[in-house]
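**Q** Below, each chain spelled out in residue letters.
2 protein chains.
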Amino acid sequence: MWRTPLRWSSTSVKKGIENTILELERLLGADKIKTTASMKDQHSHDESHHRVRAPDVVVLPGNVEEVSGVLRFCNQNKISVVPFGAGTGLEGGTVPVKGGVSLDVMSMNEIVEINAEDFDCTVQCGVTRNTLNKHLHETGLWFPVDPGADASLGGMISTCASGTNAMKYGTMLQNVLNLEVVLPNGEVMYTHGKGKRAKKSAAGYNLTSLFVGSEGTLGVITEATIRLHARPNCISTAICSFPSVYEAVASVVNVLQCSIPVARIEFLDKQLVMAINRFSHTSLTELPTLMLEFQGMTNEEVKVQADLIGEICSDNKGSDFMWSYLPEEMEQLWKARHNAYYAIVAQRKGCNGFSTDVCVPISKLAEVITAVRKDIDESGLLGCILGHVGDGNFHCMFPVNESDEMEVKAIWNLSDKIVKRALAANGTCTGEHGIGLGKRRYLVEEIGENGIKAMRTIKEAFDPNFIMNPGKIFL
Amino acid sequence: MWRTPLRWSSTSVKKGIENTILELERLLGADKIKTTASMKDQHSHDESHHRVRAPDVVVLPGNVEEVSGVLRFCNQNKISVVPFGAGTGLEGGTVPVKGGVSLDVMSMNEIVEINAEDFDCTVQCGVTRNTLNKHLHETGLWFPVDPGADASLGGMISTCASGTNAMKYGTMLQNVLNLEVVLPNGEVMYTHGKGKRAKKSAAGYNLTSLFVGSEGTLGVITEATIRLHARPNCISTAICSFPSVYEAVASVVNVLQCSIPVARIEFLDKQLVMAINRFSHTSLTELPTLMLEFQGMTNEEVKVQADLIGEICSDNKGSDFMWSYLPEEMEQLWKARHNAYYAIVAQRKGCNGFSTDVCVPISKLAEVITAVRKDIDESGLLGCILGHVGDGNFHCMFPVNESDEMEVKAIWNLSDKIVKRALAANGTCTGEHGIGLGKRRYLVEEIGENGIKAMRTIKEAFDPNFIMNPGKIFL
Numbered sequence: 023m024w025r026t027p028l029r030w031s032s033t034s035v036k037k038g039i040e041n042t043i044l045e046l047e048r049l050l051g052a053d054k055i056k057t058t059a060s061m062k063d064q065h066s067h068d069e070s071h072h073r074v075r076a077p078d079v080v081v082l083p084g085n086v087e088e089v090s091g092v093l094r095f096c097n098q099n100k101i102s103v104v105p106f107g108a109g110t111g112l113e114g115g116t117v118p119v120k121g122g123v124s125l126d127v128m129s130m131n132e133i134v135e136i137n138a139e140d141f142d143c144t145v146q147c148g149v150t151r152n153t154l155n156k157h158l159h160e161t162g163l164w165f166p167v168d169p170g171a172d173a174s175l176g177g178m179i180s181t182c183a184s185g186t187n188a189m190k191y192g193t194m195l196q197n198v199l200n201l202e203v204v205l206p207n208g209e210v211m212y213t214h215g216k217g218k219r220a221k222k223s224a225a226g227y228n229l230t231s232l233f234v235g236s237e238g239t240l241g242v243i244t245e246a247t248i249r250l251h252a253r254p255n256c257i258s259t260a261i262c263s264f265p266s267v268y269e270a271v272a273s274v275v276n277v278l279q280c281s282i283p284v285a286r287i288e289f290l291d292k293q294l295v296m297a298i299n300r301f302s303h304t305s306l307t308e309l310p311t312l313m314l315e316f317q318g319m320t321n322e323e324v325k326v327q328a329d330l331i332g333e334i335c336s337d338n339k340g341s342d343f344m345w346s347y348l349p350e351e352m353e354q355l356w357k358a359r360h361n362a363y364y365a366i367v368a369q370r371k372g373c374n375g376f377s378t379d380v381c382v383p384i385s386k387l388a389e390v391i392t393a394v395r396k397d398i399d400e401s402g403l404l405g406c407i408l409g410h411v412g413d414g415n416f417h418c419m420f421p422v423n424e425s426d427e428m429e430v431k432a433i434w435n436l437s438d439k440i441v442k443r444a445l446a447a448n449g450t451c452t453g454e455h456g457i458g459l460g461k462r463r464y465l466v467e468e469i470g471e472n473g474i475k476a477m478r479t480i481k482e483a484f485d486p487n488f489i490m491n492p493g494k495i496f497l
Numbered sequence: 023m024w025r026t027p028l029r030w031s032s033t034s035v036k037k038g039i040e041n042t043i044l045e046l047e048r049l050l051g052a053d054k055i056k057t058t059a060s061m062k063d064q065h066s067h068d069e070s071h072h073r074v075r076a077p078d079v080v081v082l083p084g085n086v087e088e089v090s091g092v093l094r095f096c097n098q099n100k101i102s103v104v105p106f107g108a109g110t111g112l113e114g115g116t117v118p119v120k121g122g123v124s125l126d127v128m129s130m131n132e133i134v135e136i137n138a139e140d141f142d143c144t145v146q147c148g149v150t151r152n153t154l155n156k157h158l159h160e161t162g163l164w165f166p167v168d169p170g171a172d173a174s175l176g177g178m179i180s181t182c183a184s185g186t187n188a189m190k191y192g193t194m195l196q197n198v199l200n201l202e203v204v205l206p207n208g209e210v211m212y213t214h215g216k217g218k219r220a221k222k223s224a225a226g227y228n229l230t231s232l233f234v235g236s237e238g239t240l241g242v243i244t245e246a247t248i249r250l251h252a253r254p255n256c257i258s259t260a261i262c263s264f265p266s267v268y269e270a271v272a273s274v275v276n277v278l279q280c281s282i283p284v285a286r287i288e289f290l291d292k293q294l295v296m297a298i299n300r301f302s303h304t305s306l307t308e309l310p311t312l313m314l315e316f317q318g319m320t321n322e323e324v325k326v327q328a329d330l331i332g333e334i335c336s337d338n339k340g341s342d343f344m345w346s347y348l349p350e351e352m353e354q355l356w357k358a359r360h361n362a363y364y365a366i367v368a369q370r371k372g373c374n375g376f377s378t379d380v381c382v383p384i385s386k387l388a389e390v391i392t393a394v395r396k397d398i399d400e401s402g403l404l405g406c407i408l409g410h411v412g413d414g415n416f417h418c419m420f421p422v423n424e425s426d427e428m429e430v431k432a433i434w435n436l437s438d439k440i441v442k443r444a445l446a447a448n449g450t451c452t453g454e455h456g457i458g459l460g461k462r463r464y465l466v467e468e469i470g471e472n473g474i475k476a477m478r479t480i481k482e483a484f485d486p487n488f489i490m491n492p493g494k495i496f497l
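Heads up: the protein sequence lines correspond to chains A and B, in order. If you're matching positions, the first sequence starts at 23 in the working numbering and goes up one per residue. If you're matching positions, the second sequence starts at 23 in the working numbering and goes up one per residue.
With the rest of the complex left out, here is chain A (with noise of 0.2 Å):
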């Protein structure tokens, strides 16, 4: 049911692919070609349970020219291409359901220009977010996209990746200012322009917001200028319990409308707050729970703003108030948040995690999570939900026994269920994990046929082979 064994090859396709190995390893050197088990298992899957087959062959390029040509071959002989970064996905965008090549972009990792000055800085695709943030630590700078994984800068435009700080500062969408992108037929094109790196520009089509979230389908990523922020001065970390999702919603919407300079709202469910107290040895109060982080230049600025959230947050029923600008107070709060997803697959063992990912207007957020609350109950499932609630994106995580097959296909009914009632609620079935394999069906009844029809049109205008990831996005 989740593993579908790799399709043995007939003769003639196992021709064909000792000749594309052979031209391949012609185009860029033996050693960037890797035909072993253990490599292309690695790049049969990501970090879901999404698992088609192995691609035939692993190419490991280290630069734009050797993109081009990889992609210019395939693209004459119609073999299929799929990019992958990290193998942090949590949709399944880069498993080679046709098999072909699979483009590891993890040796193209140089941070070609900082310029602290502008904000910005120019990364090739296979840098990861750590590594850059370590890198731009002494500028007093960072790239605060966080999706939690060490994920690649190429992979989290691809993906259209976000995270717990998008609230502050945005989503991948609004963190690119520009890409080099391989086309198909082997072009090297530049979405703003071959070094351009203006703030803003209305200039022509935009490009690069075509390419942010589009998994791979219409090209290769090689390189990005993206915005670069100030680290704050000061931070500090709230947390509260409310006797319902209803009231932490509500103080949500409050603190949204006073302006507060707010990071991160996090949203914890009460069953939730029970794992993490197991797994971390934390004495939470085991109540529907926020989490924020605030940001300012001064501690009595964050201290002021700490005092409006905990009167709002007691207006709204909320209870066992708690606020610290201590890094090592924050550090141990935001470090059993963040290790949520283990707290969930610990309480069952010999079980992995599995992760829904719904985004609803914040006027119907504690209504679908509490319906959401009690399909799960319903359901007789050990689920958790976590969310970043200043977004209305919320996450519903389950451990799960991959080997029972009645289990799995009851999950596989809850999050069908979850993704209609996001989608009821005018919202979308992916927040941030993208559609990959997972979401292919919800697609059309979000977008309608007419979106769905503009998105083919744009596929097969840059695509016509339909080499570059085929079977994503798209049913």
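Keep in mind the hints are simulated off the structure, nothing from the lab. Each hint should be verified, as a subset may be incorrect.
Because identical chains share one entry, a pair is satisfied inside a single copy or across any pair of copies.
Stated by the list, open to error - Derived pair list, reagent style PhoX-like, types lysine-lysine, alpha-carbon separation capped at 25 Å: (1) K442 to K216; (2) K62 to K439; (3) K357 to K325; (4) K54 to K339; (5) K54 to K431; (6) K439 to K396; (7) K475 to K216; (8) K371 to K357; (9) K396 to K156; (10) K396 to K357; (11) K431 to K156; (12) K216 to K481; (13) K216 to K439; (14) K54 to K442; (15) K339 to K442; (16) K190 to K325; (17) K100 to K475; (18) K62 to K190.
For chain A, the structure is supplied; the task is to place chain B on it using the hints.
**A** The following block gives chain B in isolation, referenced to the frame of chain A:
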């Protein structure tokens, strides 16, 4: 040079136009079809100097079905359609270079829905930003994107407008959640699905961003769901003079580095301050000047910010630092800034205004502005520089006697030089006015051959009969 006389139609062309008018009257009713000379003249230009010809007919559809009917008919008969809003554009984007239909959207002026709790609203494309903000007054929310003129939201989306508030609130690109679009074949599409209002999404290609800034060349935007923001509690304004543009820009960089929540940072060069003093009877120090607006929750907070800004300016040799949070004092200052255009035009009797619009990385800003100032002085023209310098965007504004061919030519030459300086500094030929007619020649230089090819591919895919706003964006 500036105004090309209307082309005389041949008899067969005339016959075709008469039939078109009859068919449109049949579709929409005669009262929505206008052919008077005054209506055609009004729809032959925007607020810029660009003049080519008038449309053959102006249509005033009242809803999306009527827009759909007009487009379907025009597409079948290959008749040009030019969407027209408030007519406040600055690059000739609504000039009907091939005649045909001017599709005036201003009858579609309904505020469809305000979701205060979700910080969003849905409006028809003919609603202007002032109308919307008046309507929002009671909610404590506002739509902050402010290009100066009282533009229609549809027009602002089509040109990716921004203005003085973009630093804090972003451009139109960051403020649109969903669009209802009529495609050239008459089909109605929702860029993110009908009624969808999630704050973020990773579902398929960013069709919304593709239509922002597409200048009516891909379809007609009929309705938009846009983000709203909480009105700030406290606002304060500071003004400071500097020995040269270098120190002014250095102050801007320092302010950004300190994460001070600045909403606006406007630069005025010495010549502009002089013009303003004369026009508005102010007594500002006649030196390169910064005007800043910052926002907070309390007056104490904005006082702390003002003190910090004062220090930064002083460190950069700023003088005559003044700040205020008194509405009447702030209004006086910003009114003087808002009247800059009139102050410039008033320098010479019988002249119109001409504005350039480039945007460069901030590290290049002082150097480029200094060089451009020298270009202006050497040209002998009377130009002033003002800029939204937090974004690196600046305008040179000239009073121009449009009947003086030599002067017009000199201004074009100077404008050309300014764009080339911006492009050489990794900037863009248009920060916020769009390409329209005036910047087409620079687009290839800026984006590159392959980028333009990608844009043309999109154009052809969406509008195979090239009926939508022909002659814009592409040469």
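**Q** Take the hints in turn and mark each one as holding or not.
**A** These are the hints, each one checked on the structure:
1. Within a single copy, K442 and K216 get their C-alpha atoms only as close as 43 Å, which misses the 25 Å cut-off; across copies the closest is 15 Å, which meets it.
2. For the identical chains of this complex, K62 and K439 are neighbours neither inside a copy (34 Å) nor across copies (54 Å), given an alpha-carbon limit of 25 Å.
3. Taking the shortest Cα distances, K357 and K325 sit within 25 Å of each other inside one copy (22 Å), while across copies they are farther apart (36 Å).
4. For the identical chains of this complex, K54 and K339 are neighbours neither inside a copy (60 Å) nor across copies (56 Å), given an alpha-carbon limit of 25 Å.
5. For the homomeric pair K54 and K431, neither the shortest alpha-carbon distance inside one copy (40 Å) nor that between copies (57 Å) is at most 25 Å.
6. With identical chains, the CA atoms of K439 and K396 are at most 25 Å apart within one copy only, with a shortest distance of 11 Å there and 65 Å across copies.
7. For a Cα distance limit of 25 Å, the shortest separation of K475 from K216 across copies, 15 Å, qualifies, whereas the shortest one inside one copy, 31 Å, does not.
8. For a Cα distance limit of 25 Å, the shortest separation of K371 from K357 inside one copy, 22 Å, qualifies, whereas the shortest one across copies, 68 Å, does not.
9. Taking CA atoms no more than 25 Å apart as the test, K396 paired with K156 passes in neither setting, with 43 Å inside one copy and 42 Å between copies.
10. Neither within a single protomer nor between protomers do K396 and K357 lie at most 25 Å apart by alpha-carbon distance, with minima of 28 Å and 56 Å respectively.
11. In this homomeric assembly, K431 and K156 never come within 25 Å of each other (Cα to Cα): the closest approach is 42 Å inside a single copy and 52 Å across copies.
12. Taking CA atoms no more than 25 Å apart as the test, K216 paired with K481 passes in both settings, with 23 Å inside one copy and 22 Å between copies.
13. Proximity of K216 to K439 under the C-alpha cut-off of 25 Å is restricted to the inter-copy arrangement: shortest distance 20 Å between copies versus 45 Å within a copy.
14. In the homo-oligomer, the alpha carbons of K54 and K442 never lie at most 25 Å apart, since the shortest distance is 44 Å inside one protomer and 42 Å across protomers.
15. Taking the shortest Cα distances, K339 and K442 never come within 25 Å of each other, neither inside one copy (31 Å) nor across copies (60 Å).
16. Taking identical chains as interchangeable, the C-alpha atoms of K190 and K325 lie at most 25 Å apart whether they share a chain (19 Å) or sit on different chains (23 Å).
17. With identical chains, the CA atoms of K100 and K475 are at most 25 Å apart both within one copy (23 Å) and between copies (22 Å).
18. Proximity of K62 and K190 under a CA criterion of 25 Å is satisfied in neither setting, with 39 Å inside one chain copy and 46 Å between copies.
Checked against the numbered hints given earlier, this structure breaks hints 2, 4, 5, 9, 10, 11, 14, 15, 18; the rest are met.
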